[in-house]
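A.B. asks: One-letter residues, chain by chain:
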Amino acid sequence: MTVSTTLTAIPDVQRIRGLEMPWNRVFQSTPEPAGAARALWPWYPQEFLAECVETVPEAGDMLTIVLRRIDGAPLAFRSGQYLNIAFPVDGPDAEPVNRSYSISSAPTQPWTFAITVKREEGGRVSQWVHENVRPGMVLDMLGPVGAFHLPDMDRRARYLFLAAGAGVTPLMSMIRTIHSLPGRADVVMLYHGAEPGAFAFSRELEHLASVDSRIKVYYSLGDRSVTGTWQGMVGRLTAQMIDEVVPDANGRQVYACGPEGYLDVATDFLSKVGVDDTSIHMESFSGSRATRLEYRDEVAFAGEIAEEIAAAQDEAHEPEPVTAALDLYQIAAGTEAKADDGTAEHYETGDVLAAEPTASAETPAEPSSFETVGQGSLNMSFLRSGLNVRIDPGEEILAAAKQAGIRIGANCQEGMCGSCKIVKLSGDVDMHHQGGIRAREIEAGKFLPCCSTAQTDLVLDA
Amino acid sequence: MAQAVKTKTSSRGKVSPARSEDQFAAVRTLFENRRAGYSLDAPFYTDPEVFAADMKGIFGQHWLFAASLAEIPEPGDYVTIDYGPYSLIILRTDEGVNALHNVCRHRGARVLTEPAGTTGNLVCGYHSWTYDAEGSLIHASSPGEINFDKACFSLKRAHSRVVAGLVFVCLAAEPPADFDEVSKIFEPYVAPHEIANAKVAFQQELIEEGNWKLVMENNRECYHCDGHPELACSLFPTWGLTEELVPPHLEDAWQRNVTAETALQERCNRYGLPYEVVEELDTRIAGIRISREPLDGAGESFSATGRRLSKKLLGDLRDFRLGRCSMHLQPNCWFHLLSDHVITFAAFPINEHQTLVRTTWLVADDAVEGVDYDLESLTYTWKQTNVQDKNFVEMCQQGAASPAYEPGPYMKSEYQVEAFINWYTQRMQEHLG
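As they're listed, the protein sequences go chains D and E.
Residue 1 is where the first sequence starts when you use UniProt numbering, and the numbers rise one by one after that.
Residue 1 is where the second sequence starts when you use UniProt numbering, and the numbers rise one by one after that.
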C-alpha cells in the first residue's frame, strides 16, 4: 500500500500571549509559602529518595539518568533548577559524596525527571555515575534548588539560551518546558561544543526546532581545527556571533550555562550588544557567591515552610487533602512512613545510604591531658588530634581549628559542599549551612565547622 | 478691544456671548496683520478677547488630546479636564470612552469635581441629579414634581475617539473629517507601544504663567536646547542640523548620529516599525509631525547614558534600542514613545496667561516600581526639562506684556514654530470668516 501525503500550507498557530507555568495561578493565589507548598507539595527544597528507571547515553560522553520518586509523588521544580544528590561512591558503608546536577527534563512532565551527567576526565563522581548508576538504584536527593530558572509568568517570553558543553542541561529543561506549554514565546539557543559529535540532545533539539516555530537552535564549534563535515557555525562565542544569531538580543532575557571562562566572556559580549546585566541569568556551578546566597535563602525559606506546614497541620487536626493523597502514595510505595508527629521523616530503605555512624566511641585519651592552644572563653577538644583549642563564642570553628593545625578538609567554606563535615560528641554549635548537610546527619551529631560557631565547650571527633 | 495687560485674575468662563462686532473685527484685524516668519503680536498672548476667540476657533473646533487609556484603565474610571471655559468628563465605559460636558443640566454645577476617580453613575453633588455612563439623566426626584421629562436633560456629549490608546475629543458639532487620515498616519507608529497595556508611573502638572501658544511654540524648536543639559545627554548635539551646517567641533557627533540612525532604521525595518518623518504641520486641519529618531549613547531611553529606565519592554516590542518616536499634533499635545516608556504631554489653556501642562509617564503595566524602574530616574530628565521650559515660556509671557515688545524673526531651525503659528492663523481666519 502506498501512502501519499500532500504538503499543504499550515496556518499560523494561534496562541495566548506569553508563557505561564501551569502552577502559576495556584502559586499566585496562595501568597503565604505554606499555602503554595500545600497546593503544590512538594515544591521547595527537601530531601527525598528517587529510583533510577532508565539510563540513556547521550552524545558528548554524557549520560541521562531518568528517575522517579520512590514515594510515587511527582517532583515539582522550576525549569533550570538542580538537585543535590548523594552518590555512594565509596560503597554503601562509606560517606556518600554530594554533587549538584541540573534537572534536564521538563517540570511539565513531573512523574519522572532526569539529570544528565558528563563523564569528566578524572572526575571521581561522574566516572562512578557512568559506571554504576543503573535502573533500580535508589539515590538520596536534596532539592530542587537554584535561582537559575524560567519565570513563572512572562508576558514577553523572548529568550536567548547560551549553552556550552554540559551547560546545555538546564537549558534543555527550559526548551522542553517551553515546547510543552502553549503561549507565545521566542527562543534562540546558541550551543557551543568542542567537536561535531559532542552536542548532547542535538537530535531532539533539531526535532523541536523543526516542529515548533518558537524555537531556533544554532550550533557552533569552539575549536576551528576540527576536520570533516560540519554544517553549523565555527568559532568561539563573540559579540558579532551573538548579534548575527539574535540581532534583537538586547530585548531578550538571556540564560547562559557553561564553564566559568565561557560565562565570563559571554557577560562581556552580551554587554557589548546592549544586553542589560539585569537581563542575564547564569549558571556555572562554580559556586558563585550569588548562587550560594540564593541557595541559602531557599534553604531558609524551606525551613520556614516546614514550620508553617507543621503549624497548619497541628491546627487542622485533619490531614490536608494533598497530604492525604501523598499518604496513599506512601502506602503504595511501602518504602517510607511518615512519623506520627508529622515533622521528621524516617527512611527505611538502607540499601544506598549507610546507617549513620553513631558518634565515634574511640576516645583516645582524656581531653584534660591535651595541650591547649589559642585564646577564648570556650574550649574545643579535638579527640583524634589530641588538642584543646580555645575559641570565643561567635568565632568560626573551622578557622580556629585550622589555625591550631587541626586537619579538616574544607572546600567551599560556606556550608554548601559539606566537605568539612565532622562529628560533634558534646556541646552546642550555631550552624548556618546552605544545604551541605542533611537533617539526619545533624541528628546524628554531625555539623559543618565552616559555618558554625561554638555556643558551649565542644568535644569533636577530629 | 482690551489692552494687552497681564492680570492675575482668571478669565475662565469669560467667553462673552455678546461680544460686540467691534471686538470681533479687532481680533480679525490682528490675524490679517500677522507678519509671516515673525512671532505674534502681543495681544495674541495677553488679550482675553483673543483667548476667548482661541477657545472657540481652536479648542471648540478641532480634535484635542485628552488623556491616554492608561489613565482610565477600567470601566468606570474617569478624568476631568478643562480647556479654558470647557470642562469635560472622560469616562471609560464597557464599550469604550465617552466624553461628557461636566455641566449639570439642572443649574450647571460641575457634576464631578475630582481630577480623576472611579464612578458608577455620575451624581451631581449639588442636588444629586444622576446620570448614567452615556450621560442620560436617570434620577432627579423632587416632591410634587410631575410631567418632568428626564429625556430632555441628558449631559451634553462631545465627540471622542480612541486611537492607539490615546483619547481625543472634539467639542465641535461637526468634527473636522481629516482626523481619520491623520489617525491612519500615526497609528502604526504609536500602536506597537501598546498604551492600552501601560500604566501611569507618574503624572506631573505644571501651571505655566504663559499663553498656551507660547507653550506650544517653545516645544517646537530645539534652538533653546542649551538650556536643557539633562535632555542634551539623549539628544544628539547635531539635532536639527543638516550635513552642510555641521561645524567642525560637531563632526564626530554628526558621524555618531548618522551611524545610530542607520542602525535604528535597520532595526525598524527588521521589526516592521515605521520611522520616516511625516510632517504636515500646517498643510492640513489635523496638523501632525511624527518620526522615529535615534537617541545618543546606548540609544534606549532618556537617561544620561541612554540606557533603559524601565526593564520591561512595552507591548511586543523586541528591542530596547528604538530611539524615540516623537509626535506632535496640533493644537495641544506632543509625545515621546520609547521602548521602555511613553511620555504624553498635554497643554490645557486656563486663560490668556496661564496654561496647565500635564506630563504623564507610562510604563508597561507589569513593570514594578523599585524593581523594574526607579521612579526618580524614570522622571528625572523630563521633570528637569519641563521646569526649564516653564521658565522659558514665562520669560516670553513677561516679554509679551511689555510695551517694548515687538515680534521678532523665527530662525531657520524654528521652522516648526512658524508652521504652528501659520496653522493657528489659518485655522482662526477660517473660523473668524
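Hints listed in this document are in silico derivations from the structure and should not be mistaken for laboratory results.
Glycine included, each C-beta is placed from N, C-alpha and C at the ideal position.
Honestly, I wouldn't trust all of these hints.
Straight-line distance between alpha carbons at most 27 Å, and here's what the computed DSS-like set of lysine-lysine pairs gives [what the hints assert, rightly or not]:
hint	chain 1	residue 1	chain 2	residue 2
1	D	216	D	272
2	E	311	D	272
3	E	390	E	199
4	E	390	E	412
5	E	412	E	311
6	E	199	D	216
The following label-pair restraints were derived from C-beta to C-beta distances [what the hints assert, rightly or not]:
hint	chain 1	residue 1	chain 2	residue 2	range
7	E	116	D	22	49 to 59 Å
8	E	244	D	247	43 to 53 Å
9	D	231	E	185	53 to 63 Å
10	E	82	D	218	50 to 60 Å
11	D	268	E	384	29 to 39 Å
12	D	218	E	115	51 to 61 Å
A.B. asks: Which numbered conditions among the earlier hints are violated in the structure presented, ordered from lowest to highest?
C.D. replies: Hints 5, 6, 7, 8 and 9 contradicted; others consistent.
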